[in-house]
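So the chains spell out like this:
Number of protein chains: 4
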Amino acid sequence: MITRYSRPEAVAIWSSETKYKIWFEIEAHAATKMAELGVIPTEAAEAIWAKGEHAAWDSDRIDEIERTTKHDVIAFLTHVSETVGEEARFLHQGMTSSDVLDTCFAVQLARSADLLIAGTDRVLAALEARAKEHKYTPTVGRSHGIHAEPVTFGLKLAGYHAEFQRAKRRLITAREEIATCAISGAVGTFANVDPAVEEYVAEKMGLQVEPVSTQVIPRDRHAAFFAALGVVASSIERLAVEIRHLQRTEVLEAEEFFDKGQKGSSAMPHKRNPILTENLTGLARLVRSAVTPAMENVALWHERDISHSSVERGIGPDATIHLDFALNRLAGVMERLLVYPDNMQKNLDKLGGLVHSQRVLLALTQLGQSREDSYAAVQRNAMKVWRGEGNFLDFLKEDPEVIVPDADLEALFDLGYHTKHVDTVFRRVFP
Amino acid sequence: MITRYSRPEAVAIWSSETKYKIWFEIEAHAATKMAELGVIPTEAAEAIWAKGEHAAWDSDRIDEIERTTKHDVIAFLTHVSETVGEEARFLHQGMTSSDVLDTCFAVQLARSADLLIAGTDRVLAALEARAKEHKYTPTVGRSHGIHAEPVTFGLKLAGYHAEFQRAKRRLITAREEIATCAISGAVGTFANVDPAVEEYVAEKMGLQVEPVSTQVIPRDRHAAFFAALGVVASSIERLAVEIRHLQRTEVLEAEEFFDKGQKGSSAMPHKRNPILTENLTGLARLVRSAVTPAMENVALWHERDISHSSVERGIGPDATIHLDFALNRLAGVMERLLVYPDNMQKNLDKLGGLVHSQRVLLALTQLGQSREDSYAAVQRNAMKVWRGEGNFLDFLKEDPEVIVPDADLEALFDLGYHTKHVDTVFRRVFP
Amino acid sequence: MITRYSRPEAVAIWSSETKYKIWFEIEAHAATKMAELGVIPTEAAEAIWAKGEHAAWDSDRIDEIERTTKHDVIAFLTHVSETVGEEARFLHQGMTSSDVLDTCFAVQLARSADLLIAGTDRVLAALEARAKEHKYTPTVGRSHGIHAEPVTFGLKLAGYHAEFQRAKRRLITAREEIATCAISGAVGTFANVDPAVEEYVAEKMGLQVEPVSTQVIPRDRHAAFFAALGVVASSIERLAVEIRHLQRTEVLEAEEFFDKGQKGSSAMPHKRNPILTENLTGLARLVRSAVTPAMENVALWHERDISHSSVERGIGPDATIHLDFALNRLAGVMERLLVYPDNMQKNLDKLGGLVHSQRVLLALTQLGQSREDSYAAVQRNAMKVWRGEGNFLDFLKEDPEVIVPDADLEALFDLGYHTKHVDTVFRRVFP
Amino acid sequence: MITRYSRPEAVAIWSSETKYKIWFEIEAHAATKMAELGVIPTEAAEAIWAKGEHAAWDSDRIDEIERTTKHDVIAFLTHVSETVGEEARFLHQGMTSSDVLDTCFAVQLARSADLLIAGTDRVLAALEARAKEHKYTPTVGRSHGIHAEPVTFGLKLAGYHAEFQRAKRRLITAREEIATCAISGAVGTFANVDPAVEEYVAEKMGLQVEPVSTQVIPRDRHAAFFAALGVVASSIERLAVEIRHLQRTEVLEAEEFFDKGQKGSSAMPHKRNPILTENLTGLARLVRSAVTPAMENVALWHERDISHSSVERGIGPDATIHLDFALNRLAGVMERLLVYPDNMQKNLDKLGGLVHSQRVLLALTQLGQSREDSYAAVQRNAMKVWRGEGNFLDFLKEDPEVIVPDADLEALFDLGYHTKHVDTVFRRVFP
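Residue numbers (full-length UniProt numbering), protein chains in the order written: chain E, 1 to 431; chain A, 1 to 431; chain L, 1 to 431; chain V, 1 to 431.
Treat the hints loosely; a few may be bogus.
[Stated by the list, open to error] Below 25 angstroms or equal to it, Euclidean Cα-Cα: the simulated BS3-like pairs (lysine-lysine) are:
id, chain 1, residue 1, chain 2, residue 2
1, V, Lys168, L, Lys168
2, A, Lys350, V, Lys346
3, A, Lys384, V, Lys346
4, L, Lys168, L, Lys135
5, A, Lys19, A, Lys51
6, A, Lys346, A, Lys384
7, E, Lys350, E, Lys384
8, V, Lys384, A, Lys346
9, V, Lys70, L, Lys384
10, E, Lys346, L, Lys384
11, V, Lys204, V, Lys19
12, E, Lys420, E, Lys135
13, L, Lys346, L, Lys132
14, V, Lys21, V, Lys51
15, E, Lys21, E, Lys204
16, A, Lys346, V, Lys350
17, E, Lys168, A, Lys168
18, E, Lys384, A, Lys70
19, E, Lys346, L, Lys346
20, E, Lys350, L, Lys350
21, L, Lys350, E, Lys346
22, V, Lys384, L, Lys70
23, E, Lys350, L, Lys346
24, A, Lys204, A, Lys51
25, A, Lys346, V, Lys346
26, V, Lys350, A, Lys350
27, A, Lys70, A, Lys21
28, A, Lys168, A, Lys135
29, E, Lys70, A, Lys384
30, E, Lys384, L, Lys346
Please keep in mind that the hints were generated in silico from the structure rather than gathered at the bench.
Isolated chain E (complex conformation):
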């Protein structure tokens, strides 16, 4: 995890303190239910909560014990017994380490997903505000990086809004995928622990019951989770790349907010660089890099091997923390984005009206000219403009094969024609 690309609330989910607190809660809730089932004494369960609920578990001490036991959960339980006393021996009855580890991981991923969903909401809010602000700001639509036809800047942003609505849905589904609890014992048979314990702990921890666990919660869930993060990261990349394009010197239709005191370049004082969105482009790559190892983690051997663990120690915090940061950085970029409608208009005018070529083509075919002849006529005149020889409308008027009357031709160059359905699209996105 790269501190520079992290927010404290996301980091906190993955701290030792949080982890041990969750471990204690899982063990103690299980004890409560076991006491109810008569498996352990009620007083033991009560004592565990009384002495443990507000205890501050000592990571260093646990690490020290682990150096002997080489087993993290045993080390934790040993440490708990140092605080809670001998009732601690009733903890973990019939459970296996993974019952604790996997359920804790589920809690951490679910909490991370909540942050990611909140981050997406912030992006959505920024996109909606800016989309409505620029609903009718004309700008050129580009395919292949080449001017195509007019759109509005608001329409562009509405498209991103729709994409981040999907991102949110994917994150909600991803959260459901991993928010499950397994307390099923060494190989998932409940031989030594009643299924009622699992149900109780699940409810207390805000999770669903895992229908069949082996020793572990099946890793196809986690693969689906990280895959969803990879898709969301890719959507971030798309918007980041858009901003970077708009900020290019020759385009300059929008710019990341530039702070007073900020230096764009140590060598070139004139520079204002889209470094935030470039950074987001890189973060997208980093988040995506979790997807393949998460998928490779699925095929654990038999009832489990532990090869997934080291992977998840990396990608668990890294992918969630960096994606959380990226969503919030993106929201900030969009909230404060400097938008230059004048430059948009200037660029739109750059090709001397060529962006209206399709309308002319359609008009010709509707006058009965064949598609092939119409295309040739329009292309012939367009290429002259392309070579810088003059203005598109003028050329069309002069061309005898362009049989549209001059007044009608002029009407074809109306920008409003292209924005007449902006409202239709907006209603789809912002119902």
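Following the hints, complete the assembly by docking chains A, L and V onto the known chain E.
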């Protein structure tokens, strides 16, 4: 696409014939609606359907035209006009190539998803039948490849069933992700085509309307689709690896069906190899390899660039056809899997009762011995068995610190203890 | 493999005909050596060559036999005996299928590497020619997509040349990695085949001897091979993205050659799109997608499992054929690239001299002003230009804190200053 | 970076202290040369070294400055001036931040590569010792997880030794790929810095000169570097998977060393799990996950964008530190591996001599029987053994179509036959 790993029904979706048939339908449905809107003559739309509906489009001829135009949709339209006649000039009015290409791709992916869902159903049926057949067939559960505690073979298969239920849900969601229609013109503004056309074509083609398309359907949808395929492939890999393990010479608890006349090895006539599940392991890698390029495809420039196209020409057919094949091969493996309960029992007995070590541990702690002492006592005797010095139960009886009475010790070695909740789990999976 | 992105010479390497021809050669060379060693009759080896050397092996017949034997090499040998007669029984003595399959795969990959190296040479030749042509064509250097300082277009291309020199070296190393021969029998012990046979076949097939094979040539070699292809593909992507940027409407410093009769868009006749380099961007993603599965193929179980095989049936031809196509397409793009020096100059002038800001900064510090004050002075004036308020040189002259005399300031705006080491760099690249 | 999977010497390379020390050296060496060239005063360069060489740069202070400047190199230079005084203004003349950052990154990667090469040497030493120890320890070779023919354990290890020799060569090449120095100014033109400075700094820092840098060292170098790490990680995975297989309960031919006091499972005291090699399997996935983002980093825009930076802040330390740890962990596993020759022999005998089936096949064909008939005869008897009906040798003796005399048949079951070329292979690996 590797022919050897394909089924004809999956391949057919991606043939030129299918593609051109879908293209025609999209264009012709659009024409019908345009006629209704008064944009083109009703007779034109009718003539198009009359002459084109059952036409056999000629791929070679279209390729020939494309060599001149360097544009596939224009080549197709030119060819259509050769069959349909001059009314064909009313086709594609105000539309852009991507309207046709992307909507067609959505239809092909949706149909592929239908096959994948059907393949998953076949896997589920095989797993259910075999799980119920072996609901109480005892076998050893293994963590880290090491014997842990008893499970049943049916329970193992029930776990895979639950995983493939999730696979099915993911495929259904994936299908929804990509089953959208865009007929919105050059940059998605509907400048030259009424949104009503899009709605009509969407309905006719069995798709949803894409809320905001640029020139293209946004590629985050496709990234999510292929990511889902990668997760499903990873689940296939897990089951394949399980079978491969069970077929190992030393384990031999199950075996792929072996045909008469089949040769396991050109050099070693005695071999019976798990080649189908090894093949599935490889196919899983191949299907997964589509995930990263699909995610890299998301960040197209502005209203689109065409970098995604070559990628999709590869992964579109390849990932869907290979996954379809893999699901059906896996179903066949499970339907005909040879299961050897005797060998399962033999392996279960191999460690002389060590698999019951946890019960002994629990019994000791419940008699009031500390967890640490209990663990040490059990481990001490277990290590003797591990070193091949004798039988676990005998050692326990002899050990004075193992304070469980002999008769109770024997009862702890009861297999039924481990299967008592099999039915609980089965009810979760097969309600 | 996507036919549209393939060249016949690359495809031919992977045809059934080529494969069976190589299989025959491996088997027949082995027979020759075995005869020399007295393992089989000399007449048998001679008869095999006499009847088989120019035989046309029948793929369909081999497929037919394989449907019974379910084993490709056995099917091939059976078919060979139909042509060669009973002496064919002396073929394959003590060998295992993988001896043939893996050695053949090595030959195919080595031949593919030869094509890739030739393709790289073609790219290098194009880059060298264009670099020398535009050695002193001034253009703006851009960091973060923002104008930085002047460079020359030739210098840019020289950088790509250096990168493709590295690509070539990587391909040569990759070829060495996989060009090995294994004829070592069922588990690599040479139990039934003399190591001398391996040495002989290796030499005849132009390969090195594999020092230790198990049943297979170790797959780390192939992982390294496909990884190298992925790196080369990424270099292609970088140059492709550069061209795409240069062709953007607002930049237009270079353009892909545009054929007569070519149509840029079915809807917009004015479009000239960088479709070849966009295509190369996509192909780079496709080629890279082979890297991860190739790495996942390394950890075969024990002396081999066959999970790698399906992967390699895909990525073997796909990655090599598509990369071969991409290299040649890239070479074509560079050979015919339309370069617009006037537009380069126009863009260079766009910022009113801001690209010289660093020189002014340096001049100020050299006059003894602190770095911080100098930076502030230059940035202050630069920002005015950025806001479109006027000309950089004028502002500097007016600013009292810019203590450089006016004449010296003008000299700082000399373009030649930036090109004085172009020759130095060229000597490094084209020695 | 996961602390648990790191060694201090690898971590130290990536500390702030190390980074700032390298930055200072690069800047100060550049100053020395600039002084020699007369660009800055000699006394300034001398003062910089005198005051800065042993200075302890204060990370917190630099971070504090960066919060204002939003630029790390400027923050560093500002901090240097706080220690060195006003001569510090002569630092960085004509240089750009990337000159420092990229050259520093090259130094860090090169030092990391040195550790990786040393780690590989340790693995090689362990493999050589154990291979020679078990040169003639018989064990069964397995293909598809199924017994094939006898090999020796030493031969298996020799194969891994050959693979790690290749790993070492790949790391050496990877080191060469990235050990380059760029001091070429804002866009690589040396406009404000003499190429002689670059040559001088390169030599002092132990690097090669980068032939053409833009603003940055081209990222195809780094892609090749991380790809090599991914291949090495995959080789680690292969050996790790081998050990995991050998430690399976049913196989138990080798075992990871198991410490006193170690607990295999919190629930099952009898467990001895191959957790180190499972961990290595997971670490291999983690290291490999750096490959794709490194390749995606190549296509920076024009003379650079900064999207690669966040990626490299992650994968730079993570991939090198984890791979360094994995190599050393693997070496430890191999050094202390418990090997069980008795179990190897027991497994070898398990199939009642079936592992000799190929020799019988060859003997039959050499007596003139057709390959097809010979195969059928051997397979027929092998399948009886497979079904547990008896002993292979006995069946063969009884079968009238097995025309080999009984005494000769017995000789065919000689283990020495399979080990006769072990020495040949060893000479290839350990010359």
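Status of the hints after comparison with the structure:
no., hint, result
1, V:Lys168 to L:Lys168, "holds, 21 angstroms"
2, A:Lys350 to V:Lys346, "holds, 14 angstroms"
3, A:Lys384 to V:Lys346, "holds, 20 angstroms"
4, L:Lys168 to L:Lys135, "holds, 23 angstroms"
5, A:Lys19 to A:Lys51, "holds, 18 angstroms"
6, A:Lys346 to A:Lys384, "holds, 20 angstroms"
7, E:Lys350 to E:Lys384, "holds, 14 angstroms"
8, V:Lys384 to A:Lys346, "holds, 20 angstroms"
9, V:Lys70 to L:Lys384, "holds, 21 angstroms"
10, E:Lys346 to L:Lys384, "holds, 20 angstroms"
11, V:Lys204 to V:Lys19, "holds, 16 angstroms"
12, E:Lys420 to E:Lys135, "holds, 12 angstroms"
13, L:Lys346 to L:Lys132, "holds, 22 angstroms"
14, V:Lys21 to V:Lys51, "holds, 13 angstroms"
15, E:Lys21 to E:Lys204, "holds, 14 angstroms"
16, A:Lys346 to V:Lys350, "holds, 14 angstroms"
17, E:Lys168 to A:Lys168, "holds, 21 angstroms"
18, E:Lys384 to A:Lys70, "holds, 21 angstroms"
19, E:Lys346 to L:Lys346, "holds, 16 angstroms"
20, E:Lys350 to L:Lys350, "holds, 15 angstroms"
21, L:Lys350 to E:Lys346, "holds, 14 angstroms"
22, V:Lys384 to L:Lys70, "holds, 21 angstroms"
23, E:Lys350 to L:Lys346, "holds, 14 angstroms"
24, A:Lys204 to A:Lys51, "holds, 19 angstroms"
25, A:Lys346 to V:Lys346, "holds, 16 angstroms"
26, V:Lys350 to A:Lys350, "holds, 15 angstroms"
27, A:Lys70 to A:Lys21, "holds, 21 angstroms"
28, A:Lys168 to A:Lys135, "holds, 23 angstroms"
29, E:Lys70 to A:Lys384, "holds, 21 angstroms"
30, E:Lys384 to L:Lys346, "holds, 20 angstroms"
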